[in-house]
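> These are the residues of each chain, in order.
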Amino acid sequence: MNEPIGVASPGPATASPDAPSNPSVFSGLRALRQAWTHRIFTMREDQFFLFLAVLIGILSGLAVVCFRIAIEWTQIELLGSSLAPSTLRVILAPTLGGLAVALLVIYAFPRSRGSGVNQTKSAVYVSNGYIPFNTVVGKFVVCALAIASGQSLGPEDPSLQMGAGIASVIGRRLRLSQEKVRLIAPVGAAAGLAAAFNAPISAVLFVLEEVIGTWSAGVLGAIVLGAISSVVTMRAFLGPESMFRVPPFRVAKPVDLLAYVVLGIVGGLASLVFLKWLAYARPRIQSLPSWTIYFQPAVAGLLIGLIGIRLPQVMGAGYPIIDQAMHGQFTWKLLLVLAALKILATGFSFLSGTPGGMFAPALFIGAMLGGAVGAIEQHFFPGLPGTVGTFALVGMGTFFAGFLRVPITSVFMVIEVSGNYTAILPVMISSLIAYGISRSYIKVPLFDMLARQDGLVLPSVEERREQLVLTVEDAMRLDGVVLEPNHNVADAMKRAEGKESVLFFVRVRPGEWHFVDHSELQRLASDPGQNHTVADANSKGPLPFVFRDMSLEEALHWAGDWPALPVLSRADLSKLEGVIALDDILQAFRKVPG
Amino acid sequence: MNSTAISGVAGKGLRVYSREAVLFGCVVLLVLFVILTAAINRMYHKKIHVLADNWFARGEASFQAGDIQSALIDYRNALVYSPGNAKFQFHLAQALAAAGRGDEGRTYLLNLLSESPGSGQVNLALARIAARKGATSEAIRYYHAAIYGEWENDPIAMRWQVRRELSEYLLDRGEVQQAVPEIIALADNTPSDDLARRKVVGNLLLRAKLSPRAFDVFRSLADVNYEDHDALLGAAISAFELGRYDLSLEYFDRLPQQEREAPGVVGLYQAAQQIDAISPFVAGLSREAKARRAADALSYARKRLQDCAAQKGQSLVAPPQTPLQKAFADSKELDARGSLQYLEKHPETVEDLTAHVFQMENAAADACGTPQNADRALWLLGRSRGVPVQ
Chain A
1 MNEPIGVASP GPATASPDAP SNPSVFSGLR ALRQAWTHRI FTMREDQFFL
51 FLAVLIGILS GLAVVCFRIA IEWTQIELLG SSLAPSTLRV ILAPTLGGLA
101 VALLVIYAFP RSRGSGVNQT KSAVYVSNGY IPFNTVVGKF VVCALAIASG
151 QSLGPEDPSL QMGAGIASVI GRRLRLSQEK VRLIAPVGAA AGLAAAFNAP
201 ISAVLFVLEE VIGTWSAGVL GAIVLGAISS VVTMRAFLGP ESMFRVPPFR
251 VAKPVDLLAY VVLGIVGGLA SLVFLKWLAY ARPRIQSLPS WTIYFQPAVA
301 GLLIGLIGIR LPQVMGAGYP IIDQAMHGQF TWKLLLVLAA LKILATGFSF
351 LSGTPGGMFA PALFIGAMLG GAVGAIEQHF FPGLPGTVGT FALVGMGTFF
401 AGFLRVPITS VFMVIEVSGN YTAILPVMIS SLIAYGISRS YIKVPLFDML
451 ARQDGLVLPS VEERREQLVL TVEDAMRLDG VVLEPNHNVA DAMKRAEGKE
501 SVLFFVRVRP GEWHFVDHSE LQRLASDPGQ NHTVADANSK GPLPFVFRDM
551 SLEEALHWAG DWPALPVLSR ADLSKLEGVI ALDDILQAFR KVPG
Chain B
1 MNSTAISGVA GKGLRVYSRE AVLFGCVVLL VLFVILTAAI NRMYHKKIHV
51 LADNWFARGE ASFQAGDIQS ALIDYRNALV YSPGNAKFQF HLAQALAAAG
101 RGDEGRTYLL NLLSESPGSG QVNLALARIA ARKGATSEAI RYYHAAIYGE
151 WENDPIAMRW QVRRELSEYL LDRGEVQQAV PEIIALADNT PSDDLARRKV
201 VGNLLLRAKL SPRAFDVFRS LADVNYEDHD ALLGAAISAF ELGRYDLSLE
251 YFDRLPQQER EAPGVVGLYQ AAQQIDAISP FVAGLSREAK ARRAADALSY
301 ARKRLQDCAA QKGQSLVAPP QTPLQKAFAD SKELDARGSL QYLEKHPETV
351 EDLTAHVFQM ENAAADACGT PQNADRALWL LGRSRGVPVQ
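In order, the protein sequence lines correspond to chains A and B. For the first sequence, position 1 matches number 1 in my numbering, and the numbering has no gaps at all. For the second sequence, position 216 matches number 216 in my numbering, and the numbering has no gaps at all.
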């Protein structure tokens, strides 16, 4: 898409014929406007897309700032400003809040129900990037109310969808091409998530890992720009501090990393429990009579309130509690109880259909588990490096990787939310273990499972990522015969004796290859009295050529109607490494199981 | 491009405008959104600052009232609304330490330290937690970091105070050798006109057995203020430690009776008095008095050896093998030189005789423990005159 978009207006030097002859302020402004318009509208579409990414990033950042303030402000009004609210508030706020959420979702913002990640994915793959603005407003209002009233959900997933929604509206209003409208939603999603987490790298990785599923260079630049713009905007208002502060530490001995292996196993098993519970309970809740949807969030709120009487820490997103856990404020027993109850409370909120994200609860559960494992391990091995806070930090990434199945994102997220690079090795080890355990026992990742339960078959990024990629090497044959144009035909025929279905390739010069039929060579060879060379034969070419590491899809593209293609060496285009025909490609595809 | 709106309806129900109009609208929206967000953000931060300050003030009140548990909750609430606030974190850490949860407070302090490694206040708090835990080397490290760290208000006074705390901590733990350089540095950094601090230094010098320095400090203080009882007491004790019993008694006598007879002081005073009463070396004694005191000293020492030998079940008439028996055998040789007449005639032998007396007292003290009354006075006198302990 290199052509300019829109209709190019005259350049700044070209004055409008009907412009007033006397220069004035108005004519100056008009010239400025024309210059601006010219510059913007004569951009190539991909450049314009980057410009839009910045605009979307800033708008998403602003939206997220307002969203976070709305949550915290409402929370102060509903639950009070203390970490330990009164019993009355603890019971009433989530229950009545749940009732209000249900009414808002049913009557005003029906699209705000459900996972923001899946809705964004569905916008990309199903509805050509369409996310109505009503959804943005709905997510803002309903999620702010739900989280602030104590429902155990987080603000990241709604932020992601709000960003995607803003991007979608702008893209459609600007009449971008359908492809760009589809791609602009993930740009907004990354911007929203980046601002919510104050973590641009993790947001970019998450959107690439989970929403788009490809590392397309075309959209990567826009996503990065959007994420950076939103984070810069957010920091301008809410400050640049990392979400959590953990003292730096050093893993002194390789054997110390075993402590994090244990954490990886515990985190993986805990994520399994949570996933299994959601997978089991969600269809059953959804099959309840339709009138119950009016009360499901309220019942969830009541149950959470009952837990909150003794342990109000499980209510809401829980970031201050994570911070306390990182400062070793809880005993290992309490940490374990909080992790277990948070799984329960988040399940209640999520299964009741209350809109909100699972990111913050996943981080909470991971931090509590990590802190508990760390405290127990340090009790038995007092020399272990790092504090309980370090384990809590690593635990966040571990559970996140196991639960959401985004191992790369989880590693970078831990670094970004803590501003602490020293945890990278432990978090890589434990995240991979948790991811491995989760993947071994539950084949379908959370978001894909939710989509399938809702009747949507969205492409599974994890499946795609781990799909077997067939290459030319898997299908090529080694029985091609290389001929030079000056070769004697009779000699060439002798080289093919005793071989079945021989393919003859003529090397005209490096990179230029032709194909000669066996029957053509036989015809020339049978011509008495003539000493024919290969150059006399009717050959087909020049042939397109492939390399052994190319994917079979690419080879299929080049195969066309050619009888076969030469497989050449990348280092020497005069060297034939093999031959591949259409039949070989199809046969290789047929062999792949499933 | 034509900037007027194009009528019509897009596929998904949106009115379609020219790109220029939409972009212009976006920019206007952006500006309005920035203004709105800034206003909301300002209001919100104002509110949470008030909340944070209120919770912190409540925490301070609870902490001052000794209600540490309430203070902890209040400080935590304050931190919710100002999570990066170093002051709140520091106070929470101190409250945690006061509640006996030093390890939890330590995490906050380590965070603060990673942000400002030179903070004297944070290093001091960490030193106190380490000291409470008994981690001496860690405590010393943090105390030193606090001494050489940054202090907002009156850094010189704060550093002096921290070094004093470190010195006291080391003395409390019996680490006198490590305490000595700290106390000497403290003394060197104490202004000569700051009498209160010099008094503190004097006491620390005394505790570290740096008696000559301690005596100098207290004597100069007592010279400045004749009525300064602390200085007089310090001078008396340090003079006693130095073996200057005459000076010690002089300072004791300048104290009011009530202070002289205070527990811990009265013993020293009585010992000084006793030494003054039996020492043959008191200035101004007549030849007879000196001889009598020397002869009495020999009797006391001999009696002490006999009592000690009886207590230990040793016979003093047996061939001398034990230090007690050897000392007693030596004393027999003094019979001729220890008579009153001889000493009166030969006052120059008093010194030699009393040296033997002190050795006898030492031998008895080694075998039977610290003596009492006149024997103690003789033993102390001997030590002050440099009689080697056997």
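Careful, some of the hints might be misleading.
[To be verified] Within a straight-line C-alpha distance of at most 20 Å, the following computed DMTMM-like cross-link-like pairs (lysine to aspartate or glutamate) qualify:
id, chain 1, residue 1, chain 2, residue 2
1, B, K87, B, E168
2, B, K199, B, D103
3, A, K333, B, E175
4, B, K87, A, E241
5, B, K345, A, E241
6, B, K303, B, D335
7, B, K209, B, E227
8, B, K133, B, D188
9, B, K209, B, E168
10, B, K47, A, E77
11, A, K575, A, E473
12, B, K199, B, E152
13, B, K87, B, E138
14, B, K312, B, D330
15, B, K46, A, E473
Quick caveat, the hints were computed from the structure, so don't treat them as lab data.
> Next, verify each hint and record whether it holds.
Now the hints, each set against the structure:
The hinted pair formed by B/K87 and B/E168 fails the criterion: a straight-line CA distance of about 27 Å is larger than 20 Å. Taking the CA atoms of B/K199 and B/D103, the gap is near 35 Å; set against the 20 Å cutoff, the hint is violated. Among the hinted pairs, A/K333 with B/E175 is inconsistent with the structure: their alpha-carbon atoms are about 39 Å apart, more than 20 Å. Note on B/K87 and A/E241: the hinted pairing holds, with a Cα-Cα distance of about 16 Å set against a maximum of 20 Å.
In summary, the hint linking B/K345 to A/E241 is not supported, as the alpha carbons are separated by about 93 Å, beyond the 20 Å threshold. Our distance criterion of 20 Å between C-alpha atoms is met by B/K303 and B/D335, whose separation comes to about 14 Å. Between B/K209 and B/E227, the direct Cα distance comes to roughly 25 Å. Violation of the 20 Å bound is thereby established for this hinted pair. A distance of roughly 30 Å separates the Cα atoms of B/K133 and B/D188; the hinted pair therefore is violated under the 20 Å criterion.
For the hint pairing B/K209 with B/E168, the CA-to-CA distance comes to about 13 Å; that is within 20 Å, so the pair holds. Simply put, B/K47 and A/E77 have alpha-carbon atoms about 12 Å apart, close enough for the 20 Å limit, and the pair holds. Of the supplied pair hints, the one linking A/K575 and A/E473 holds, its CA atoms being roughly 15 Å apart against a limit of 20 Å. Simply put, B/K199 and B/E152 have alpha-carbon atoms about 26 Å apart, too far for the 20 Å limit, and the pair is violated.
Of the supplied pair hints, the one linking B/K87 and B/E138 is violated, its CA atoms being roughly 23 Å apart against a limit of 20 Å. Taking the CA atoms of B/K312 and B/D330, the gap is near 19 Å; set against the 20 Å cutoff, the hint holds. A hinted pair counts as satisfied when its Cα atoms are at most 20 Å apart, and B/K46 with A/E473 does not qualify at roughly 66 Å.
Of the hints listed earlier, those the structure fails to meet are numbers 1, 2, 3, 5, 7, 8, 12, 13 and 15, in rising order.
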